[in-house]
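Chemist: One-letter residues, chain by chain:
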Amino acid sequence: MNSTAPVSRGEMYLRFFLARSRFSLDVDLTLPASGVTALFGPSGSGKTTLLRCIAGLEQAGIGEMRVNDEVWQSVDTFVPLERRPLACVFQEASLLPHLSVQGNLDYGRRRAGRRQCEALADGEAQRIIEMLGIGHLLARRPQGLSGGERQRVAIARALLANPRMLLMDEPLASLDQARKQEILPYLERLKAEFNGPLIYVSHATDEVARLADHLVALENGRVLHAAPLDKALADLEAPLPLGEEAGVVIQGEVSELAPEWKLARVSAGVPLWVHDRNFQVGDTLRLRVLARDVSLSLEQHKDTSILNIVPCIVEEIRDDERAGLMLVRVRLGGPGGAPLLARLTRLSVKQLWLVPGLRLWAQIKSVALVY
Amino acid sequence: MLSAADLTAIWLTLKLATVVTLLLLLLGIPLAWWLTRTQSRWKSTVSAVIALPLVLPPTVLGFYLLVAMGPDGPLGRLMTALGLELLSFSFTGLVVASVIYSLPFVVQPVQNAMQAMGTRPLEVAASLGAGACDRFFTVVLPLSSPGILTAAILGFAHTVGEFGVVLMIGGNIPGATRVISVQIYDHVEALEYGHAHTLAGIMLLFSFAVLFALYTFNGRRRHAGLSVGGLP
Numbered sequence: 001m002n003s004t005a006p007v008s009r010g011e012m013y014l015r016f017f018l019a020r021s022r023f024s025l026d027v028d029l030t031l032p033a034s035g036v037t038a039l040f041g042p043s044g045s046g047k048t049t050l051l052r053c054i055a056g057l058e059q060a061g062i063g064e065m066r067v068n069d070e071v072w073q074s075v076d077t078f079v080p081l082e083r084r085p086l087a088c089v090f091q092e093a094s095l096l097p098h099l100s101v102q103g104n105l106d107y108g109r110r111r112a113g114r115r116q117c118e119a120l121a122d123g124e125a126q127r128i129i130e131m132l133g134i135g136h137l138l139a140r141r142p143q144g145l146s147g148g149e150r151q152r153v154a155i156a157r158a159l160l161a162n163p164r165m166l167l168m169d170e171p172l173a174s175l176d177q178a179r180k181q182e183i184l185p186y187l188e189r190l191k192a193e194f195n196g197p198l199i200y201v202s203h204a205t206d207e208v209a210r211l212a213d214h215l216v217a218l219e220n221g222r223v224l225h226a227a228p229l230d231k232a233l234a235d236l237e238a239p240l241p242l243g244e245e246a247g248v249v250i251q252g253e254v255s256e257l258a259p260e261w262k263l264a265r266v267s268a269g270v271p272l273w274v275h276d277r278n279f280q281v282g283d284t285l286r287l288r289v290l291a292r293d294v295s296l297s298l299e300q301h302k303d304t305s306i307l308n309i310v311p312c313i314v315e316e317i318r319d320d321e322r323a324g325l326m327l328v329r330v331r332l333g334g335p336g337g338a339p340l341l342a343r344l345t346r347l348s349v350k351q352l353w354l355v356p357g358l359r360l361w362a363q364i365k366s367v368a369l370v371y
Numbered sequence: 001m002l003s004a005a006d007l008t009a010i011w012l013t014l015k016l017a018t019v020v021t022l023l024l025l026l027l028g029i030p031l032a033w034w035l036t037r038t039q040s041r042w043k044s045t046v047s048a049v050i051a052l053p054l055v056l057p058p059t060v061l062g063f064y065l066l067v068a069m070g071p072d073g074p075l076g077r078l079m080t081a082l083g084l085e086l087l088s089f090s091f092t093g094l095v096v097a098s099v100i101y102s103l104p105f106v107v108q109p110v111q112n113a114m115q116a117m118g119t120r121p122l123e124v125a126a127s128l129g130a131g132a133c134d135r136f137f138t139v140v141l142p143l144s145s146p147g148i149l150t151a152a153i154l155g156f157a158h159t160v161g162e163f164g165v166v167l168m169i170g171g172n173i174p175g176a177t178r179v180i181s182v183q184i185y186d187h188v189e190a191l192e193y194g195h196a197h198t199l200a201g202i203m204l205l206f207s208f209a210v211l212f213a214l215y216t217f218n219g220r221r222r223h224a225g226l227s228v229g230g231l232p
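Sequences listed follow chains A and B, in order. All residue numbers for the first sequence refer to the numbering used here, where the first residue is 1 and numbers rise by one. All residue numbers for the second sequence refer to the numbering used here, where the first residue is 1 and numbers rise by one.
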């Protein structure tokens, strides 16, 4: 079998083939061994199965997996889950029901040494418990916790095992909108602090836009797309089937605050105004701009309520999934700028004579702050 | 009220039931775990063999055991070859027979509890670094403890209530094989109805108390919403 596939330090290589009666998974991927990689796709696309293969919960008939220079699976090797230096957060409540919250947290922490993970220092453990806000729950039983609390304990338990890789299988899917908003900030803090790779399964575009650095889109057990998030979202050659949620994410830095208007100016090649949520100058933000919120204009209109009108250049024009609509990719500022997608009608494209290379203005109706 | 022979019979019965229950748990728990996890094609065969005493008349089971344990049976020959006493008409023989006879009453509740637990807790434990043996002791046993308790109670009570198999292979030796049920039979045969009443009454109270405890315990757990959770 193929044992010479290139995998260098800082990367992981996965190849799995698994056939079920109505479903098969067939993937061959090289992923960065750091940052957040989202496995994204509709239900039945194989994202959870792929995660289970990575964890070692599922033993693919043909499988190969290497992380940096460690072999986790090959023709003659299969490292069982309990020996892999990773931790999982599952979709629904997965706390051990016979143990208290403290007992659950200790379960993984005490066993860290068995798989070459260093045991966490007490101070560090305390800090994680505080970060997830579960200090007051330690003596409680899992049955008495709310869904959001349980998931926070599950995340803390995973972190206390001090893993080198974190796997999360739709950790927010079983929660209602309010609980989701409660957990997301914790996940963002975790993303900022966790050094190893975090593989995050989700079918929710907003979670992916908020958390992911790298995107693997799956469909029917095959990889549709695997690229850094900003590239994947702006790709018109092989567009992700996002429908109304097509759009880009833009990274920028807060350059100026306008407290009297509660606005902050973010520099992302061009300046963009966003709602100020008590930012500091220098903060790095992640912005999400949906294609449906962007319109293009040949002139810079001054007589509009839209705040963000920025110069850009047309790069590519493609038909949208929906007939009569087109997606236009422009670059903010000029050819090297951040990409932006605009969804226009075919008629508008014709009337404006849009062609690659044309310089014009993008009017951005709303900018969602995602980070 | 109770004669010395009655007291001997009660003591012997309690001793038998205790030894048998301990052996049943030692044997039944791993067996239930194997049945829960295995995908072997022998699973149905093993399940059916274990469940046989549920439907077989005790005399049939007793008869085969008597033949096997007798001097010309395979077990008897083995014991003779090892220089040991024959199992038939001995306390040890009674223990062996009772273990076989009560096995389904132990395996089934434990197996049910283990199945209800599902695979998720095991996956969780493995993802936190627990190997197979570790998982068995720190997750499987605590999570199936309600089933194990039920199994122990049923195994004990069923052994106390056994009659047919004992009579077939153990006979009626005071202090060795004459258990309460046989003692009652003897009293009735001798028309000592007063003695029979006392012992029968004790058995009736004991059985009711055991079942009452079992249903109260199971009912309370269900109310607490713990389908597979720990002890209340």
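Bear in mind the hints are in silico, worked out from the structure with no lab data behind them. Check the hints yourself; a few may be wrong.
[What the hints assert, rightly or not] Some chain A residues judged to face chain B by a derived CB distance under 10 Å, without partners named: (1) 80; (2) 82; (3) 83; (4) 86; (5) 88; (6) 167.
Just so it is clear, CB atoms sit at the ideal spot from N, CA and C, and this is done for glycine as well.
Chemist: If a hint holds in the structure, say so; if it does not, say that too.
Modeler: Hints, verified against the model:
The interface hint given for residue 80 of chain A holds, since its Cβ lies 7 Å from the closest Cβ of chain B, which is under the 10 Å cut-off. A least Cβ separation of about 5 Å between residue 82 of chain A and chain B falls short of the 10 Å threshold, and the interface hint therefore holds. Among the interface hints, the one on residue 83 of chain A holds; its C-beta lies about 8 Å from the nearest C-beta in chain B, closer than the 10 Å criterion. The beta carbon of residue 86 of chain A comes within 7 Å of a beta carbon in chain B, closer than 10 Å, and the hint placing it at the interface holds.
For residue 88 of chain A, the suggested interface contact is upheld, since its CB lies about 4 Å from the closest CB of chain B, less than 10 Å. Because the closest C-beta pair between residue 167 of chain A and chain B is about 8 Å apart, less than 10 Å, the hint holds.
Taken one by one, the earlier hints all hold for this structure without exception.
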